[in-house]
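Chemist: This is what each chain is made of:
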Amino acid sequence: MVMDLHGKLASMGLELPAAPKPVAAYVPAVRHDNVIYISGQLPLLAGKLLATGPVPSAVTVEQAQVAARQCVLNALAIVDQMIDGDWSRFGQVIRLGAFVCCETGFTAQHLVANGASELLGELFGKAGHHARAAVGVIALPLGASIEVELAVAVTT
Amino acid sequence: MVMDLHGKLASMGLELPAAPKPVAAYVPAVRHDNVIYISGQLPLLAGKLLATGPVPSAVTVEQAQVAARQCVLNALAIVDQMIDGDWSRFGQVIRLGAFVCCETGFTAQHLVANGASELLGELFGKAGHHARAAVGVIALPLGASIEVELAVAVTT
Amino acid sequence: MVMDLHGKLASMGLELPAAPKPVAAYVPAVRHDNVIYISGQLPLLAGKLLATGPVPSAVTVEQAQVAARQCVLNALAIVDQMIDGDWSRFGQVIRLGAFVCCETGFTAQHLVANGASELLGELFGKAGHHARAAVGVIALPLGASIEVELAVAVTT
Numbered sequence: 319m320v321m322d323l324h325g326k327l328a329s330m331g332l333e334l335p336a337a338p339k340p341v342a343a344y345v346p347a348v349r350h351d352n353v354i355y356i357s358g359q360l361p362l363l364a365g366k367l368l369a370t371g372p373v374p375s376a377v378t379v380e381q382a383q384v385a386a387r388q389c390v391l392n393a394l395a396i397v398d399q400m401i402d403g404d405w406s407r408f409g410q411v412i413r414l415g416a417f418v419c420c421e422t423g424f425t426a427q428h429l430v431a432n433g434a435s436e437l438l439g440e441l442f443g444k445a446g447h448h449a450r451a452a453v454g455v456i457a458l459p460l461g462a463s464i465e466v467e468l469a470v471a472v473t474t
Numbered sequence: 319m320v321m322d323l324h325g326k327l328a329s330m331g332l333e334l335p336a337a338p339k340p341v342a343a344y345v346p347a348v349r350h351d352n353v354i355y356i357s358g359q360l361p362l363l364a365g366k367l368l369a370t371g372p373v374p375s376a377v378t379v380e381q382a383q384v385a386a387r388q389c390v391l392n393a394l395a396i397v398d399q400m401i402d403g404d405w406s407r408f409g410q411v412i413r414l415g416a417f418v419c420c421e422t423g424f425t426a427q428h429l430v431a432n433g434a435s436e437l438l439g440e441l442f443g444k445a446g447h448h449a450r451a452a453v454g455v456i457a458l459p460l461g462a463s464i465e466v467e468l469a470v471a472v473t474t
Numbered sequence: 319m320v321m322d323l324h325g326k327l328a329s330m331g332l333e334l335p336a337a338p339k340p341v342a343a344y345v346p347a348v349r350h351d352n353v354i355y356i357s358g359q360l361p362l363l364a365g366k367l368l369a370t371g372p373v374p375s376a377v378t379v380e381q382a383q384v385a386a387r388q389c390v391l392n393a394l395a396i397v398d399q400m401i402d403g404d405w406s407r408f409g410q411v412i413r414l415g416a417f418v419c420c421e422t423g424f425t426a427q428h429l430v431a432n433g434a435s436e437l438l439g440e441l442f443g444k445a446g447h448h449a450r451a452a453v454g455v456i457a458l459p460l461g462a463s464i465e466v467e468l469a470v471a472v473t474t
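Chains as they are written, first to last, in my numbering: chain A, 319 to 474; chain B, 319 to 474; chain C, 319 to 474.
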C-alpha cells in the first residue's frame, strides 16, 4: 500500500499537478459510499493539452501513451484533494475507461491505454490493477487525443 | 433537497415525460444497493427524436444541448418511476456519461453535455453535481445526436 | 436463479470458454464490495476474433450479434473464475456497455447489442436484465467489431 504517493512519484520523476478544474458544468469527482468517481480527464499539463488530434495521424502511439499517463496524474490529483492527501485512505483502482481519439482502422487503443494502466500498476502495485474498457472515438473535448475516467475505492 | 421535482420542473416550463420504454432487450434502469443505474437515454420526446445526425453538420451545438436536456428528463422519468415519485428518496447524481454523435474535428462535446449537466444543477443544486465523461462518437442508435446515461444515489 | 450455468449453456449449445487473458496492462475483472467489474471483452473465440471491422460494411448486424454474444460468454468465463464456479453466488447483471465499431450513419447499435443482452436474459431471466448503454465507435482494439463491458452483483 502506497502511503507516500508524492514521494513515490518524485522517485519516478513525476509529480501531481494542481487538481484540474472541470472545463464545464460538472465537478471533478463525486464520492459515493467508499468509491470516488473521477470525471473524464484530458491530458492537460499546465493548462495545455499534451496531445491533440487523432492517433496515429496527428500523434503517435508513444505520444498518446504519455498523454494517457498525464490523464491519470490529473485524476490522482483530484483524488489527492478529496482524501486530503492521506493516501493511507486509498483502497484500490476499480475501473478505468480510456477513450482514444483515432482514425478508422486504428487497432491499438489498448496500447495507448497502457500508458494509463501501467502508471497505476507502478504506483500502487496490485491495488492499482483495474478493470478497463479502451475504445476508439471520433473526437474529444478541446480536440484532446485521449480522455480517461477512473473509479477508485477509498476508506471513509 | 428537492422534494417536489414535478413542481420545480413546471416552474421552469418543463415536465417529466412518460418513462420511455427501452428500444431493445434490456431494462430502463437497475437498482443495486442504493444506486440506480439508468440505461443510455436518447433525446426522445413523444416518441420522436429531438435531434438526429452528427454535430455540428446536422444539428447545432445549441440544438444538441436541448437534446441533451431531453435525455436527462427521460432518465429522471425513469428514476421517478423507480422511487414511486417520492423525491425525498433522491440522494445525488453520481455520474453522467454523454456520448455525442459528431464529425471528425468537433471539439465541443463538453458544451453539448452541459445541456444535461446544467439541468441537473438547476434541479438539484449541489446534489445534482456529478462526475462526467463526455466523448464524441461516430454514430448512435436510431441516428440520435446524443445519448446520456446516469447513475443516481437513492435511499432504500 | 441459475445454479448450473454450465448445464444451462450446454442445453443451448453454448459453453464458457477459458477465461480470456487481458491483452494489455490491466486485469480481467475487479471485485469491489459485492460488484464485479469486468473489463471490456472482445469477441475472441479460441484466440481469434469472431468479427473485425465496422458494421455494416465489414460485418453484418447478424454477425455482430453473434460476436456480441461471444463477448458476454468471455465475460461470464471471468465471473465464473472469480466466483469459483459457484453460480449460487451470482446476484444480477447491473450494467452492460456495448461499443460497436461502425460507419457513419449506422443506426442499429442497439440491435447489435441485443446479441449480448438477449443471451443474459435467456441465461438468468430477470436477474439478467440490466441497464445498458450502446454506442457506435470509430475503431476498437485489435480491429474488433464490438467490445462489451459488464458489472455484475454477487454475494460475498
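Hints are supplied without guarantee of correctness; some may be wrong.
Since the list gives no way to pick one copy over another, a pair counts as held whenever it fits inside one copy or between any two copies.
[To be verified] When the alpha-carbon atoms are kept at most 20 Å apart in a straight line, the in silico SDA-like pairs for lysine to any residue are as follows:
#, residue 1, residue 2
1, LYS366, TRP405
2, LYS444, VAL353
3, LYS326, GLU436
4, LYS326, LEU460
5, LYS444, LEU327
6, LYS444, ASN352
7, LYS326, HIS350
To be clear, the hints were calculated from the coordinates, so they are not data collected in a lab.
Chemist: The structure should be examined with respect to each hint, and the outcome stated for every one.
Modeler: Hint check results:
1. Taking CA atoms no more than 20 Å apart as the test, LYS366 paired with TRP405 passes in neither setting, with 27 Å inside one copy and 41 Å between copies.
2. For a Cα distance limit of 20 Å, the shortest separation of LYS444 from VAL353 qualifies both inside one copy, at 17 Å, and across copies, at 18 Å.
3. Taking the closest pair of Cα atoms, LYS326 and GLU436 come within 20 Å of each other only inside a single copy of the chain (14 Å); across copies the shortest separation is 38 Å, beyond that limit.
4. Neither within a single protomer nor between protomers do LYS326 and LEU460 lie at most 20 Å apart by alpha-carbon distance, with minima of 31 Å and 34 Å respectively.
5. Proximity of LYS444 to LEU327 under the C-alpha cut-off of 20 Å is restricted to the intra-copy arrangement: shortest distance 17 Å within a copy versus 33 Å between copies.
6. Taking the shortest alpha-carbon separations for LYS444 and ASN352, both the intra-copy value of 19 Å and the inter-copy value of 19 Å come in at or below 20 Å.
7. Taking identical chains as interchangeable, the C-alpha atoms of LYS326 and HIS350 are never at most 20 Å apart, the minima being 27 Å within one chain and 25 Å between chains.
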